[in-house]
Structures are given as C-alpha cells and as structure tokens.
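Undergrad: Chains as they are written, first to last, in the numbering used here: chain P, 44 to 372; chain B, 7 to 562; chain H, 40 to 322.
Check the hints yourself; a few may be wrong.
Okay, derived cross-link-like pairs now, EDC-like style, lysine to aspartate or glutamate, Cα gap no bigger than 16 Å in a straight line [what the hints assert, rightly or not]:
#1 B/K382 with B/D425
#2 B/K550 with B/E242
#3 B/K148 with B/D205
#4 B/K380 with B/E368
#5 B/K266 with H/E285
#6 B/K148 with B/E474
#7 H/K281 with B/D257
#8 B/K95 with B/E538
#9 B/K125 with B/D239
#10 B/K122 with B/E242
#11 B/K318 with B/E514
#12 B/K227 with P/E139
#13 B/K227 with P/E219
#14 B/K231 with P/E219
#15 B/K481 with B/E515
Taking CB as the label site, the calculated pair distances span [claimed, not checked]:
#16 B/R390 with H/P82: 33 to 43 Å
#17 B/T398 with H/E154: 40 to 50 Å
#18 B/S384 with P/L120: 51 to 61 Å
Listed next, the stretches of chain H that the computed footprint assigns to chain P, with coverage defined by at least 3 CB atoms under 8 Å from CB atoms of chain P [as the list claims (entries may be wrong)]:
#19 159 to 165
#20 258 to 265
#21 283 to 295
Note that these hints are calculated values from the structure, not bench results. Treat the numbers as computed from the prediction; the structure is a model and nothing was measured. Idealized CB from N, CA, C, for every residue including glycine.
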Amino acid sequence: MLAYLIRRLLISIPLLLGILVLSFVMLKLAPGEPGVIQQDLQARATGAQRETLRQLYGLDKPIYVQFGRWLWRVVRLDFGRSYSPDGRAALDKIAERIPITLGLNVLELLIIFSVAVPLGILSATRQYSAFDKSMTLFVFVGFATPDFWLALLLMILFGVQLGWLPMSGLRSLNFEYLDFWAQVWDVLSHLILPVLVASFGGLAYLSRLMRGSLLEVVRQDYIRTARAKGLPEGDVIYKHAVRNAVIPVVTLLGMMLPGLLGGSVFIETVFAIPGMGQLFVQSAFSRDEPVLMALIVIGASLSLLGNILADISYGLVDPRIRVSGREAR
Amino acid sequence: MTGLPAPCRRSPRTLSLLLVLLALVPLAACSRSETAAEPVAGEGGPAYGDTLVEASIGDISGLIPNITSDSASHEIGNLIYANLVRTDKELRLEGELAERWEISRDELTITFHLRKGVKWHDGVEVTAADVDFTYRYMIDPKTPTAYAESFRQIRRAEVVDRYTYRVTYEKPYAPGLLSWGIWILPRHILEAPWKAGVDLRTTPQNRYPIGSGPYRFREWKTGEKVVLEANPDYFEGRPYIKRVVYRIIPDQSTIFLELKARNIDMAGLSPIQYRRQTDYPAFRKAFHRYRYLANAYAYLGFNLLDPRFQDKRVRQAMAYAINKREIIEGVLLGLGRPAVGPYKPGTWWYKENVKTYPFDPERAKALLAEAGWKDKNSDGILVRDGQPFSFTIRTNQGNLVRQQTAEIIQRRLRAVGIDVKIHVVEWAAFINTFIRKKNFEAIILGWGLGMDPDQYDIWHSSKTAPDELNHISYKNPKVDALLEAGRRTFDEAKRKAIYGELQDVMAEEQPVVFLYVPDALPVVSARVWGVEPAPAGISYNFTKWYVPANLQRYTR
Amino acid sequence: MARPALRRSVFWRQFRKNQLAVCGGAVVLVMTLAALFASALAPYDPGAYDVTQILMPPGLAHWLGTDQIGRDVLSRMLYGARISMAVGFVSVGIAVGVGTLIGTVAAYYGGRVDEVLMRFVDLMLNFPRLFLLLTLIALLRPSIWVIMAVIGLTGWMGLARLVRGEILSLKEREFVLSARALGARDPRIMFHHILPNALVPVLVSATLGVAGAILAESGLSFLGLGVQPPTPSWGNILIEGKANIEIAWWLSVFPGLAILVTVLAYNLLGEGLRDALDPRLRQ
Numbered sequence: 044m045l046a047y048l049i050r051r052l053l054i055s056i057p058l059l060l061g062i063l064v065l066s067f068v069m070l071k072l073a074p075g076e077p078g079v080i081q082q083d084l085q086a087r088a089t090g091a092q093r094e095t096l097r098q099l100y101g102l103d104k105p106i107y108v109q110f111g112r113w114l115w116r117v118v119r120l121d122f123g124r125s126y127s128p129d130g131r132a133a134l135d136k137i138a139e140r141i142p143i144t145l146g147l148n149v150l151e152l153l154i155i156f157s158v159a160v161p162l163g164i165l166s167a168t169r170q171y172s173a174f175d176k177s178m179t180l181f182v183f184v185g186f187a188t189p190d191f192w193l194a195l196l197l198m199i200l201f202g203v204q205l206g207w208l209p210m211s212g213l214r215s216l217n218f219e220y221l222d223f224w225a226q227v228w229d230v231l232s233h234l235i236l237p238v239l240v241a242s243f244g245g246l247a248y249l250s251r252l253m254r255g256s257l258l259e260v261v262r263q264d265y266i267r268t269a270r271a272k273g274l275p276e277g278d279v280i281y282k283h284a285v286r287n288a289v290i291p292v293v294t295l296l297g298m299m300l301p302g303l304l305g306g307s308v309f310i311e312t313v314f315a316i317p318g319m320g321q322l323f324v325q326s327a328f329s330r331d332e333p334v335l336m337a338l339i340v341i342g343a344s345l346s347l348l349g350n351i352l353a354d355i356s357y358g359l360v361d362p363r364i365r366v367s368g369r370e371a372r
Numbered sequence: 007m008t009g010l011p012a013p014c015r016r017s018p019r020t021l022s023l024l025l026v027l028l029a030l031v032p033l034a035a036c037s038r039s040e041t042a043a044e045p046v047a048g049e050g051g052p053a054y055g056d057t058l059v060e061a062s063i064g065d066i067s068g069l070i071p072n073i074t075s076d077s078a079s080h081e082i083g084n085l086i087y088a089n090l091v092r093t094d095k096e097l098r099l100e101g102e103l104a105e106r107w108e109i110s111r112d113e114l115t116i117t118f119h120l121r122k123g124v125k126w127h128d129g130v131e132v133t134a135a136d137v138d139f140t141y142r143y144m145i146d147p148k149t150p151t152a153y154a155e156s157f158r159q160i161r162r163a164e165v166v167d168r169y170t171y172r173v174t175y176e177k178p179y180a181p182g183l184l185s186w187g188i189w190i191l192p193r194h195i196l197e198a199p200w201k202a203g204v205d206l207r208t209t210p211q212n213r214y215p216i217g218s219g220p221y222r223f224r225e226w227k228t229g230e231k232v233v234l235e236a237n238p239d240y241f242e243g244r245p246y247i248k249r250v251v252y253r254i255i256p257d258q259s260t261i262f263l264e265l266k267a268r269n270i271d272m273a274g275l276s277p278i279q280y281r282r283q284t285d286y287p288a289f290r291k292a293f294h295r296y297r298y299l300a301n302a303y304a305y306l307g308f309n310l311l312d313p314r315f316q317d318k319r320v321r322q323a324m325a326y327a328i329n330k331r332e333i334i335e336g337v338l339l340g341l342g343r344p345a346v347g348p349y350k351p352g353t354w355w356y357k358e359n360v361k362t363y364p365f366d367p368e369r370a371k372a373l374l375a376e377a378g379w380k381d382k383n384s385d386g387i388l389v390r391d392g393q394p395f396s397f398t399i400r401t402n403q404g405n406l407v408r409q410q411t412a413e414i415i416q417r418r419l420r421a422v423g424i425d426v427k428i429h430v431v432e433w434a435a436f437i438n439t440f441i442r443k444k445n446f447e448a449i450i451l452g453w454g455l456g457m458d459p460d461q462y463d464i465w466h467s468s469k470t471a472p473d474e475l476n477h478i479s480y481k482n483p484k485v486d487a488l489l490e491a492g493r494r495t496f497d498e499a500k501r502k503a504i505y506g507e508l509q510d511v512m513a514e515e516q517p518v519v520f521l522y523v524p525d526a527l528p529v530v531s532a533r534v535w536g537v538e539p540a541p542a543g544i545s546y547n548f549t550k551w552y553v554p555a556n557l558q559r560y561t562r
Numbered sequence: 040m041a042r043p044a045l046r047r048s049v050f051w052r053q054f055r056k057n058q059l060a061v062c063g064g065a066v067v068l069v070m071t072l073a074a075l076f077a078s079a080l081a082p083y084d085p086g087a088y089d090v091t092q093i094l095m096p097p098g099l100a101h102w103l104g105t106d107q108i109g110r111d112v113l114s115r116m117l118y119g120a121r122i123s124m125a126v127g128f129v130s131v132g133i134a135v136g137v138g139t140l141i142g143t144v145a146a147y148y149g150g151r152v153d154e155v156l157m158r159f160v161d162l163m164l165n166f167p168r169l170f171l172l173l174t175l176i177a178l179l180r181p182s183i184w185v186i187m188a189v190i191g192l193t194g195w196m197g198l199a200r201l202v203r204g205e206i207l208s209l210k211e212r213e214f215v216l217s218a219r220a221l222g223a224r225d226p227r228i229m230f231h232h233i234l235p236n237a238l239v240p241v242l243v244s245a246t247l248g249v250a251g252a253i254l255a256e257s258g259l260s261f262l263g264l265g266v267q268p269p270t271p272s273w274g275n276i277l278i279e280g281k282a283n284i285e286i287a288w289w290l291s292v293f294p295g296l297a298i299l300v301t302v303l304a305y306n307l308l309g310e311g312l313r314d315a316l317d318p319r320l321r322q
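Required output: the full structure, derived from the provided sequences and hints.
TA: The structure is reproduced here in structure tokens:
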C-alpha cells in the first residue's frame, strides 16, 4: 500500500510541474504588452518609458529565465499583486475564497453521493421499470441542463415567485441580529439553491454510474454463488453486491472535483457567492493576470489532489493493491 | 452636505445629497412627491431607534471623502463628517460647523465663526485648526483630490483664534463660499502622518474614520456593507435613526427583490421599476415613492486624446446619429428630459436656446464623410486611412438604463457606419482601471451636479491628472477662459452671460454627447416619517427622519 | 472488403430501433435547419429594437417576448442557433483534428512518443475545462474565432485517447497485416485502412462533443466572455434574463430551454450511435 502511495505521489510531481509550465505558456500567449505594463502606462507613453518598465519587470530577459523567476516565486506561493484597485497579494485574495468554494464543493460531493447511490441502486434493481426509465430520462436531462440556466429558473421560482429562498450571498444582512437557530436556518437557506443546482449534473452522472456498476456486479459469479447458496435476495443485493458496486463509485468521487470547481464559476456568479469562481470571472474581465495565474495553478493543483485522493481511495478499497501495492493489470 | 461634482453611478437616491448651493438666490425647484397624504405626526411621534438599510451598487472607495470622487463615498462621507457650510432644503447655504460668517466688502475675504463645543467622535473639540489642516491638505500637490482648485485660489488663510478662521482669495471667487462645503478632517489624527509624507489612504482613518458629523463609523466590510451609528453628541441633536447600513449589491434586480422583501428600506428605482413594477397597492403601502428631476445628467464621453475623436465633426455626427427622444421615451419611460449641455434645466444659469442636434442620420453620415470617413468596401463600416471606425463604449454595471442606452447607441451608430462594442464594468474597476488611467475610448457616465455653475474642475484643460475630473482630456482655450472668467465675479447677470456663452461653445463643440437628465426615483420605507420632498431632494434632513416606536423593525 | 458494407446496414437497423436516438437526430436536424434558414424564419431583424416594446412578455406580436431594448426574442434565438451550430461544429472539428492527430501519432509511433503524448493528455485533463477556457479567453480577446479555437483546444483529449485506443487495437488486425503483406507503406495503411475504421467511434465522440461545445459557448457567453452583444447567442440572452429576472422570466426560460433541448438531442443522438455500433448490445 505504501509503495503504491509513494509511486502515485511521485507521478504527481511531473504533473505539477507540467501544470506550472502550461500555465506560464498561457500567460505568455497573451498578445500585446503584458498587462503589467498596460496598467502602468497612460495612453500616450513613449517607447523609452515602455522599455524602462519592461526592464523593471524583467520582461527583457529570455523566456526560460522569466519562467525560472516565475517558478521560483510560485513555489514560495508568491503570485504577485493583483492589478485590481485594492492591489492586494493575489494569493490572499484567493486564500480567503478557497474555503468557501471548497466547502461548497465538498457539500455537493456529499449530497451527490448520498442521493446518487440510492437512486442508482433503485434503478438497477428495478431495471427497465417505469422508475428506471424515468431515471434514465432524468440522467440525460441532467447532463444536458446548463447549470447557470437551472440556477436562474430556480431563482425565479423560489426567489421571485414564491419568495421562499434567498437569492444571493451566503447570509442575510441582518444575520448578526438573529438568534442562533435563525442564523442556522439563514445559512442553510442561502446554501440550498446553489448546492442543489451545482449537484444536479454530478448527481445524474453518479447515479448512472452506480446503476451500471451494480448491474455489472450482479452478473458476477460470486453473486450467482451467493444466490445458489440460498441467501435471501435482500442480503445478496444489499450486503454483497452493493458493497462491491459502490467501490468504483466512491473512488470516482475525487475525480468529480475538477468538474465541480469549474461549475462553481457559474453558481457563484449567479448566486453572488464570494468564492474562487466569482473571482475567476472578475479577474478574467479585468485581465488581472496575477490572480488568473494563481487561480489556474491552484485550480489545477486542487484537481490533481482530487485525482490523487481518488486513486488513494481506490488503492484502499481494492484489496489487491492494499496487499501487494501493485495494481492488477 | 456638499455638492462637489462627482461621477454618479446613478443610484438616484444618492444624487439628492450632492447639492451645494450658491448663497445668492433660491432655486426654482423641480420636485414632486408621490406620497399619499403627508404623514401626520401623532401615532408615536419622533422616536429614537431602528436601522435604515440602503442599497448601493458600488462599494465606496474610501472613508476620507476629500480624496474620493464617487457619489457613494461622498454620501457616506456626508454622514460621518461635517462641513463648514451646507445647503438647506431650499438649496440655500447654511452653516454647519460654521455658526456664521462674514464676507468683506471687497468680496475677497470670508471670516468663519465656528460653533463652540462641537466634538470629533473621539471627544476632541473641533476648532479652526482642523479647518486649517483641511485647507493645507487640500492644496498639497501630493494629495490625490479632484477638488483642490477652489482652495488654490486662496491667497492667505489664517487661524484668527480657536473658533475663527479667515481666508482671503487672490481675486473674487464666486464659488468660494460653496467650496467650503468640503468635509473637515481631524487635524489631531491626520496631521502627523501627512507631515511625515504618508499617503492618508493607507492610514487607519481611511478605514476607521473619526468625523464630527451626525453618524459615527461602525464597520466597513469590503464589498459587503458599511455600517454607521448615530452620534449621540451631534451638535444639532442626536439623529433619530440609530443605525444606517449600506448594503453593497452590484445588481439592480437583486436590489429590487430585496426591496420588495423589505430587506432594504431605501433604494433608487429604475424607470421600469417605477412605472411597471411598483404601481400596486401592497407596494404603495410599504413604501413611499418620490420623483424629481435629478441634479445630474448622463453623457457619452470620448477620450479626446484619441485622434479619431479630436475632430469636432465626428462628435457632432454622433450627436446627430443618436435619437435622444427614443432614449427618454423608451428607456427612461418618459422619466427625464433631454440634456443639451452640462447644466440642469430650471437653474438660473441654464441657457434655453443652444444649438441642438435633432435626430438626423443623413447629416451624421455627411459630417463623417467630411471628416474623411468613407465606406470603401461597402460592408457598412466607415474607414479612414485603412482603419475601420470601431471603438468600445464602456459603462458601469448595475445601471440598466445606461446599458440599454449603450445598446441603442450601438445600433444607431452602426446605422451610420460606426462599429461599436460595449463593455460593462463593475464600478470600482471601471473607475480605477479605465477612467483614471484614461484607458478608454468612449464611456457612458453621469455627472452629479453642484449648485454653482462653475465646472472648472470638469472641463478645464489643467484638470487632467488621474485623480482629477477632466477624464476626457478636454482642451479648449475659449472654454478655459470662460471658466476662469465665470468664477471671478459675483454679479449674477454677468455670470449668466458668461455661462450662457460657455453653453453655446459646448453645444457647438460637443466634447461629449449630452444625453439626458434623469428623474431621481427614490423609495423609502413607509415606516420612516419626516421625509419632506423639497428643491434639495429628500435627504437633506436625514437626521430628522424617524420611525415611530411601534413601527420599528430592527430593535437591537 | 465485405465488412464495411455489412456494418452499415446493421448499424442503421439498430439505430432506428432506438426511438430516443431517432428523436434526437430529428431535433438536431430541425435545429440545424432553423439555424441555416434563420434569416427566412425570423419574424424580425434580430437587431431591430423598438423602445415602445421594452421587456414585453410573450404575446401575439412577439411569440417569445422582447428583450431590454425591445428586440424580438424569437428572432434573436434563431440567429443564436447559428452561433451555437457554428461554434459546435467548428470547435469539434478542431478537437477532432487535433485529437486524431495526436492519438494517431501516439499509437503509431508508440514508445517514448506515446508516453510523452499521453502524459500531456493527462496534464491537460487535470485542468478544470472552464478554468482553462476563462484564462485563455481573458488573455486573448473574446472574438468568435478565439472562442471556437479555445473550446476546440480544450476538448480534444478524450478523442486522442479514443483514437489511440482504436488504432492500437486495429494495428494487429488481419486486414492491416494483409495490407502490409501486400506491400502497402505505413502512412497509406494509416490513412486508408486504420483511420476509416477508427473514425466511427470518433463520430460518436464528436457528436457528444458538439453538445459539450454548445454548453461551453453558452456558458462563456452567459458570463460575458463569449459572443458579445449585439450578436445574439443563447448564452448572452440569458445575461439579460438574469439582469431582469424579476420582470422578464421569458428571457431566462426560452434560451435555456433551447440549449437544453439541443444538447439533449445531440447527447441522445450520440448515445444512440454508440449503442448501434456496440456489438455487445446486439443481442
């Protein structure tokens, strides 16, 4: 097991490096003057002024030197200062938002898992029934639904028409004036719509996976053996089959993180939640390169982490790996 | 309250605070209220307490208003800080920190007598030394303020005694008294860092200000809210409303929904919200709506450093190409009037018959052709020297009317061969990334107007630094001369003639295309009593608003 | 060779049995036609505004209502279909091109080349797609070509793996060996024999890819980083939907519905194609 772990982590290092290289390449792709110079000059700056600025930012050096410098700073988590009016360190701006986005994503993963698994099981055990067919439809519709649209629809329904749920932010204005239970409900009610919308697609996907996995497992020999032994069907399904079927599903949860991170862009924009996604859009608009670079590096790294976790959890549950540290081929 | 020109993000309620009055003549006002019967004091009577929640589309930029130029910062600054003078409901000058003042016979010297016993929020007394410090700070070339010009006209300023301050101007300066509606800053807090060369924006005062106004600062959560609390020692009496909260909500729709949900007590309505969405009994019961011609106008501005816009014919062509009537009828739903110059109709210096630009696309095309723009390859876009005529109009987020206006202008200009893109930017980014760095081609923005015709700070060619207000870099010697002459005499007839000529020149030159003067459409929760529409709008007596005890909502 | 012909008729029979897939195909066809003939079908000029009809609900004059300067929503949506189709096809075209190239090269040369290329694919897959899209568009400028290129260049990875897999499995099949035995040279083998057979699963993947591209484009446009107004796109009409959410539900409902239906159709079509091609399901 440990050997597997170590090997997995070692593979990640070049990936991490690759993430940094690719990010830097993207940064250099931007045509025209690097944003840092644009920001500092007024419309009529002379060539000499630009040159001075270029030297100041080290932009006159060859590209591998620039990369080296950037890499050295990034490794120490220094992504530079944001171009936006407040000029704060890019990392600070992101750091205060990571908990919000990640928190939401984890919540979404929990919801996805806890809803998709039963749904998948039900679909599989009632294969071809009306329930299964409508679940299949649900899944397809779930894949096809743009989450920003679903968000708008639910906002109109629950926020505008019915007025049951708040439509933006994470807390009400008068949060401080509420008593404890009202505060709890306040936070919850603000979370319901965003988390629901964000989970929708993943839920569809995972329930499908669960269904498929269970159907696959049920066809296996050992299940037939269990049935032949005379075990009650309930035990067969729920004790043995499900346990094995859930394994690949659980391991895939980590892989869903990149998708959820991406989805947070829309959710946070529509629901005005101050997370990483919202910052991403704002920075994309204002071409705030330091923050953009930091976001993409951090985002990709978090994805990588998700994949690593998925692999580790797979390693934990697959007895072959746990024992021998080797993946079965 | 002061009335410094400030780019307004068009939250109508804020406009009513941007008034400063010329001491001379009361204005012919334009204000109507749509309240049901005037609230009768009775049930309850003035009571202390409750919280008023307002919405703001953009965050403030700082809590030292002297070095900001956006209306949100000014509005909050007006509550935290006091000024020497301010305007009353009839738009006349009255004293705030200054109890009275005398103007010398030669009209060059003003002597202010301050009230005694007025305290800063930390207990220190307000004295003439504070006024003097404010003056010296404003004229310091390193101070990033847009409003220094008035103070530079002062030849000599002296602290006569603890409560008396005297200023002498170089030459007669008409807007002088008005300019002392500037916010007075605490010397005992700011003088030391200022002398040490520290940028005051980095001092605690910019985030935790000590003022001498009716409200004390409580909290500023960036991007979220600003909270103020009534100053119990305010020399005019403790304000009734205990707490004021500004919620920053960058989206007009959300503001409106929160308003309907009663989570906000005061906001400005957009024309469509006013006409179509608030005209039902339940809303009328919960809110009082007001409507009056705002002290502001909206315009399409050009970056005059861009050679394409330097040709007057091009600007005039765009004025002909745009149909202002349809903007006012359609977008404003009739709640506004066309703007033909930088002044509000109804003021004594407003000139009636300046050159106007009725909608005439053919004329526009002819002018553009004269200026060298031709459609070479029949794709509908004009070209000159190989460059197609294409530019980006930027405007701020959170203002549906401006966006609709931009889209209409885009279409109208396309019809005469100009390709326009629209870029909507969040307010702070708009000001800091684009306006201050003159990093724009065209903008749709508004000006909140003061109550003196002097607009030196906006149009004079010397006012083009990043912190100053001549964003478009307008340089016209004739206009410069008129601006200078207009402030040098107190004679109203003479000033009227000078500013009349200024309006003629502007109409001809079209440094910007003047679009419309909107109606201000504030709504206030019906539980608030004491709101009395007047020429100055509704917020001039904010400290006298109250919520009767039985109607108070926020009781903690 | 007899094989391809046999495949085709079996394929169609199988496909027709799948009602949902046929429906999907029909909808795709309708959408494509609507996009192509938008100028004939649209009752109004999509850019023509009418300030007396601002934010009108659906009615006789405007079947899907009007937007915030009085433009007809139906007409704008028809032209928006053009954008969706165009972006869908072109970006998938780019993705197919790049993915096929990389997959083919990796499979054909194997060894180090294969390993490096597949690691690169892993690397690209590590980035959340939307993050990549946003960053690239922020750094370049949002024009429709950039959008198409960027969507294509972030969506080829699955295809590369697919093509590689197909080629690897086909490399050792009889008809290749026999072609080699007959003296055909490697590139010829690649293009004439292997690729055509690998292309069918690519088609499936491409169909599903169009769905993803349409979602990506509308998402970007919704954020304001995609197709810029006044050019209508289903995504950027939703911007007005959000801005006027309390007063104009039709601006939110209809464009999103169009996206949903179109993406669903492409998905059903793609899945149907996949099922028709999958020998295991033919029981």
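Undergrad: Look at each hint and say if it fits the structure.
TA: Consistency of the hints with the structure:
Between B/K382 and B/D425, the direct Cα distance comes to roughly 15 Å. Compliance with the 16 Å bound is thereby established for this hinted pair. Distance restraint check for B/K550 and B/E242: the Cα-Cα separation of roughly 10 Å lies within the 16 Å cut-off, and the hinted pair is therefore satisfied. Of the pairs offered as hints, the one joining B/K148 and B/D205 holds, with about 9 Å between alpha carbons and a cut-off of 16 Å not exceeded. Between the alpha carbons of B/K380 and B/E368 the distance comes to roughly 14 Å, so the proposed pair stays at or under 16 Å and holds.
For the proposed pair B/K266 and H/E285, the alpha carbon gap of about 10 Å is at most 16 Å, so the pair holds. At most 16 Å may separate the alpha-carbon atoms for a hinted pair to count; B/K148 and B/E474 meet this at roughly 12 Å. With a CA separation close to 9 Å, the supplied pair H/K281 and B/D257 stays within the 16 Å bound. At most 16 Å may separate the alpha-carbon atoms for a hinted pair to count; B/K95 and B/E538 meet this at roughly 9 Å.
Note on B/K125 and B/D239: the hinted pairing holds, with a Cα-Cα distance of about 7 Å set against a maximum of 16 Å. A C-alpha spacing of about 12 Å is found between B/K122 and B/E242, which places the hinted pair at or below 16 Å, so the restraint holds. This hinted pair checks out: B/K318 and B/E514 have alpha carbons roughly 8 Å apart, not beyond 16 Å. With a C-alpha separation of about 14 Å, the suggested pair B/K227 and P/E139 falls inside the 16 Å cut-off, and the hint holds.
For a cut-off of 16 Å, the pair hint linking B/K227 to P/E219 stands: about 13 Å separates their Cα positions. With a CA separation close to 13 Å, the supplied pair B/K231 and P/E219 stays within the 16 Å bound. For the proposed pair B/K481 and B/E515, the alpha carbon gap of about 11 Å is at most 16 Å, so the pair holds. Checking the proposed 33 to 43 Å range against B/R390 and H/P82 shows it holds: the Cβ atoms sit about 37 Å from each other.
Under the hint 40 to 50 Å, the C-beta atoms of B/T398 and H/E154, about 47 Å apart, fit the expected range. As the Cβ distance of B/S384 to P/L120 is approximately 56 Å, the hint placing it in 51 to 61 Å holds. Residues of the region 159 to 165 of chain H lying with their CB closer than 8 Å to a CB of chain P number 5, which satisfies the three-residue condition for coverage. Coverage of a stretch by a chain is defined here by at least three residues with a beta carbon nearer than 8 Å to that chain's beta carbons; for the region 258 to 265 of chain H and chain P the count is 5, and the condition holds.
Closer than 8 Å: that is the beta-carbon criterion, and the region 283 to 295 of chain H has 7 residues meeting it against chain P, so the requirement of 3 holds.
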